[in-house]
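Student: Fit chain B to the known structure of chain A by using the hints.
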Amino acid sequence: MGKIKRGVSLYSYQQTQFFNELDLEGQIKEIGTNLFGADGIEMLDEMSLRQYPNPPEEFFEQWFGWMEKYGTTPVTMDVFHDVLQFRDHVMSYSESADRLKNDIRLAKKLGFKNVRTLATTPVEIMIEALPVAEELDIRLGKEIHAPIPIHGQYVQEIVDYCKETGTKHLGLVPDMGIFAFRPSEVALDWYVRQGAKKESCDLVVQLCMDNYTGKSNELNEIDLSLYSAGNVESLFHRYLKEDKAPEDLVAAFKKMKQLIIDNVPDFSTIDFEVMAQALLLSRTKPSDLEEILPYIINIHGKFYNMSEIPGKPGQYQDIAIDYEGPIAFLKEIGWEGYINSEYEGQRRFQDRGVEDLMSEIDQVRKHQEMLKRLIGE
Amino acid sequence: MFDNFLIRKDSLKNDVDANGNVVGFQFAARNANYRGVFLSLHNGYYIKVDGVEYPRELQTFEINGKEPRDFEEIKTAVWEHWDYDDEGIIHVAKPGGLASGKHTIDFQQSVLAAYGYMPTDEEWVKNPPVPGSGAGSDKTKNIVSYELELQK
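Residue numbers (my numbering), protein chains in the order written: chain A, 537 to 913; chain B, 484 to 635.
Just chain A, with the same shape it has in the complex (with noise of 0.2 Å):
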């Protein structure tokens, strides 16, 4: 039987880095030494190096060498794309894989097994870039992340192209938000605070929770299958803002604002906001998975508020993602690859002052605190 392995996205520790709590050698120190034998490193280049895209020569051996001090290994370097950074023109697909392939040379200097993209980064400048991917045995994946499903183009070209070609280099990066079933109760605080009304709240939740559990068809019918949900924030409050959307969003943005004019007596525009964020849910069942097996790079350990279980005095659980069905599965069917904790609540909890953070580096421990259970080490 394959066995999971765990790690931790360095994404998890971007508060803590803000406020200079721990530096990159601290974030790794505490995934080697205070997380039961967590040892994977996942790693946003443009967050923790300095001087990307060319940082200086003694930080190679710096880096390996705390590799070995704290018994981590590098697993997946994350990568973006800036398509205005000539600000001139718009960067071609060319350019962007240019970008790509320098990435991915960046991420092999480092030891990493694997370059992610973003969901959003065109299959075609992935190709392009793939020479150099196999050429430096760097494994090229795009994220999954919601709103986009496992049932959608991006997933079925990525899975198409490995077919015909064979291609043991490209692939794809699942983040468990695509099991996220309703907003994370962090998010909804927040709204609450920003002004929205504890009834919007209220119906976004019911609304989601009779979409997982059967009682209601609604939300299928909306095809978000193509968009990142960074990008269907900002392009719908640009909706709410100048009425203007993308052709194909504009039918599920409409939708959310009815719901909030028919339910929410004394609603604003922030109510609006809270109800979108139910296009923010991909809708997968962990049976999904097993479609895109073989391509799976790595996963996402995708979560935003690691809360106590009822009951269980020191277990964890985010109740706004189910981690239980797709471990199990996985397990079952004995994949073995990398889930790097992925701590995205952080956010949530930064309009207020210092004193009411949320602590990334106790969610970051309860996490990996599930994860070791689930996965039976």
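Be a bit skeptical, because a hint or two may be false.
As the list claims (entries may be wrong) - No more than 30 Å apart at the CA atoms, straight line, and that leaves these computed lysine-lysine pairs for DSSO-like:
1. B/K624 / A/K733
2. B/K496 / B/K531
3. B/K624 / A/K793
4. A/K541 / A/K645
5. A/K780 / B/K531
6. A/K777 / B/K609
7. A/K539 / A/K645
8. B/K622 / A/K565
9. B/K622 / A/K733
10. A/K780 / B/K609
11. B/K531 / B/K577
12. B/K549 / B/K492
13. A/K777 / B/K531
14. A/K751 / A/K793
15. B/K624 / A/K734
16. A/K780 / B/K622
17. A/K791 / B/K622
18. B/K624 / A/K790
19. B/K609 / A/K637
20. A/K780 / B/K624
21. B/K622 / A/K793
22. A/K777 / B/K622
23. B/K635 / B/K492
24. A/K637 / B/K622
25. A/K790 / B/K622
26. B/K624 / A/K777
27. A/K791 / B/K624
28. B/K496 / A/K734
Unchecked claim - In silico negatives: residues of chain A with every beta carbon more than 10 Å from chain B:
29. K541
30. D618
31. E670
32. D696
33. G702
34. D738
35. G750
36. I758
37. I845
38. G847
39. G850
40. Q851
Bear in mind the hints are in silico, worked out from the structure with no lab data behind them.
Note that CB positions come from ideal geometry on N, CA and C, so glycine has one too.
Tutor: The following block gives chain B in isolation, referenced to the frame of chain A:
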């Protein structure tokens, strides 16, 4: 994100030129994201102090140990990176500077970073958004208000 922490609380002070004239004010800010970006993507700020707006044309930005640059010049820094850990200094031209005491600063950063291609790309090459509309501010969509004391 980092809404209340983007401006360093003790960083507001007046700018004095070589001849001792007070020519404006400055404060320190961080990138409203979980990562750094190429400096060229940095598109300026919405800044309103005690009800008075100071448009991008009055702003310069100091980063990476270089002299303050205006946003037309920043736009050309296409391979220079603004690292996540680093604080930049925003300078605003205002002859006489700010009076001593407390000031209310309404603030929004505009950085044209997104998740890949967006419907606004071509439009933003031709006409970059004016900071303050929320465009280019997807991690901190709303204008944030700070109460800051002018430092000596």
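Student: Which constraints among the numbered hints does this structure fail? Numbers only, ascending.
Tutor: Of the numbered hints given earlier, those the structure breaks are 28, 30, listed in rising order.
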